[in-house]
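> Residue numbers (the numbering used here), protein chains in the order written: chain F, 83 to 233; chain C, 4 to 122.
Keep in mind that the hints are not guaranteed to be accurate.
What the hints assert, rightly or not - Which stretches of chain F does chain C cover? Using the computed rule of at least three CB atoms under 8 Å from a CB of chain C, they are:
| # | stretch |
| --- | --- |
| 1 | 98-108 |
| 2 | 155-162 |
| 3 | 179-189 |
Claimed, not checked - If you anchor each label on the Cβ, the simulated ranges turn out as follows:
| # | chain 1 | residue 1 | chain 2 | residue 2 | range |
| --- | --- | --- | --- | --- | --- |
| 4 | F | Gly137 | C | Pro59 | 13 to 21 Å |
| 5 | C | Glu76 | F | Pro148 | 43 to 51 Å |
| 6 | F | Glu204 | C | Met71 | 42 to 50 Å |
| 7 | F | Glu167 | C | Lys45 | 40 to 48 Å |
Calculated directly from the structure, the hints in this document are not laboratory data. The structure presented is a predicted model; accordingly, all values stated were derived computationally and were not measured. Idealized CB from N, CA, C, for every residue including glycine.
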Amino acid sequence: MASMQTHHEDLKVIVDNTINYFEEVCGTPAECGIPYLMNQEKVLMDYSAIIGISGIRRGALLFTAPRPLIRELVEIITASDSPEEQDLQDMVGEVANTIAGNARPVLGSEFMISVPVIIRGELLGMQLAQPASIVPINWNAHQAFLIIGLE
Amino acid sequence: MKTLIVDDSRIIRSAIERHLKHFQLEIVGTATNGVEALELFKEHLPDFVTLDITMPEMDGLACLREMMQVKPEARVLVMSALTDKPTILKALKEGAKGFLGKPITPDSFKEAVQKIITD
Chain F
83 MASMQTHHED
93 LKVIVDNTIN
103 YFEEVCGTPA
113 ECGIPYLMNQ
123 EKVLMDYSAI
133 IGISGIRRGA
143 LLFTAPRPLI
153 RELVEIITAS
163 DSPEEQDLQD
173 MVGEVANTIA
183 GNARPVLGSE
193 FMISVPVIIR
203 GELLGMQLAQ
213 PASIVPINWN
223 AHQAFLIIGL
233 E
Chain C
4 MKTLIVDDSR
14 IIRSAIERHL
24 KHFQLEIVGT
34 ATNGVEALEL
44 FKEHLPDFVT
54 LDITMPEMDG
64 LACLREMMQV
74 KPEARVLVMS
84 ALTDKPTILK
94 ALKEGAKGFL
104 GKPITPDSFK
114 EAVQKIITD
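With the sequences and hints as input, model every part of the structure.
So, in structure tokens, the structure goes:
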């Protein structure tokens, strides 16, 4: 089992990647709120993507965001002001895939990631490896959450 | 120059198509996974391919290996969020002419494409 210190280092890498993602794609970095441990609260927003982690770590990474944030990202990337539902679902998966994949230069090539699974709305009975951390991600007046549960 | 776009994300395929309009390229197909990509590759024998790695069915590196068996002179730009050095080196060893880390920006993408198609 990874130590708490390792868990914090993993978390920092993934949070930094998230902040950088918004800066590179949108020109404005996101801001990280105060992380906290996940309990039983419902945290999933309109669009979520979960990435399974295997190899040197086991667990999952989940990025969840409200529709306006995802819509704004799609508009920036595609230069379209009328994104379709499939675009929004793709977008949340792309964010999760990128921030997880970008962790490999630091966490190593054995930090294996799955293709994203998209969740629309709330998911009942979601289980993540404990302790799972929730990190608020604030960008352009929107709030999203990064949820990381690694053994 | 015949071009094939391979990425499982519809918005990324759309963004790539938009950015490629700056070049004199003929887009002959788009694929959402390695299996589809390989079929289109064999059918059209493109000169230039943008290729994602993390995809369902068949990943980009396995697909690249197959593509190189069919047309080794094809210029393949691998684009991936997996930006660790071993993955980059593996892509180049398998025959990619370039590697672009995601997230892509219009400038980074155009620069990478320009370099590959004019080399």
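> Tell me whether the statement that chain C covers the stretch 155-162 of chain F is true, taking a Cβ distance below 8 Å and needing three residues at minimum.
That given contact holds, which follows from 5 residues of the stretch 155-162 of chain F lying within Cβ reach (below 8 Å) of chain C.
> Do three or more residues of the stretch 179-189 of chain F come closer than 8 Å to chain C, measuring C-beta to C-beta?
Since 8 is at least three, the answer is holds.
> Mind checking the hinted window 13 to 21 Å against the Cβ distance between F/Gly137 and C/Pro59?
holds (19 Å)
> Evaluate the given range 40 to 48 Å for the C-beta pair formed by F/Glu167 and C/Lys45.
Violated, at about 33 Å.
> For the pair F/Glu204 and C/Met71, does the Cβ-Cβ distance stay inside 42 to 50 Å?
Holds: the Cβ-Cβ distance is about 45 Å, inside 42 to 50 Å.
> Between C/Glu76 and F/Pro148, does the beta-carbon spacing fit 43 to 51 Å?
Roughly 47 Å apart at Cβ, these two residues keep to the hinted range, so it holds.
> Would you say the stretch 98-108 of chain F counts as covered by chain C, given the rule of at least 3 residues with C-beta under 8 Å?
holds (count 3)
In terms of the numbered hints stated before, the structure departs from hint 7 and from no other.
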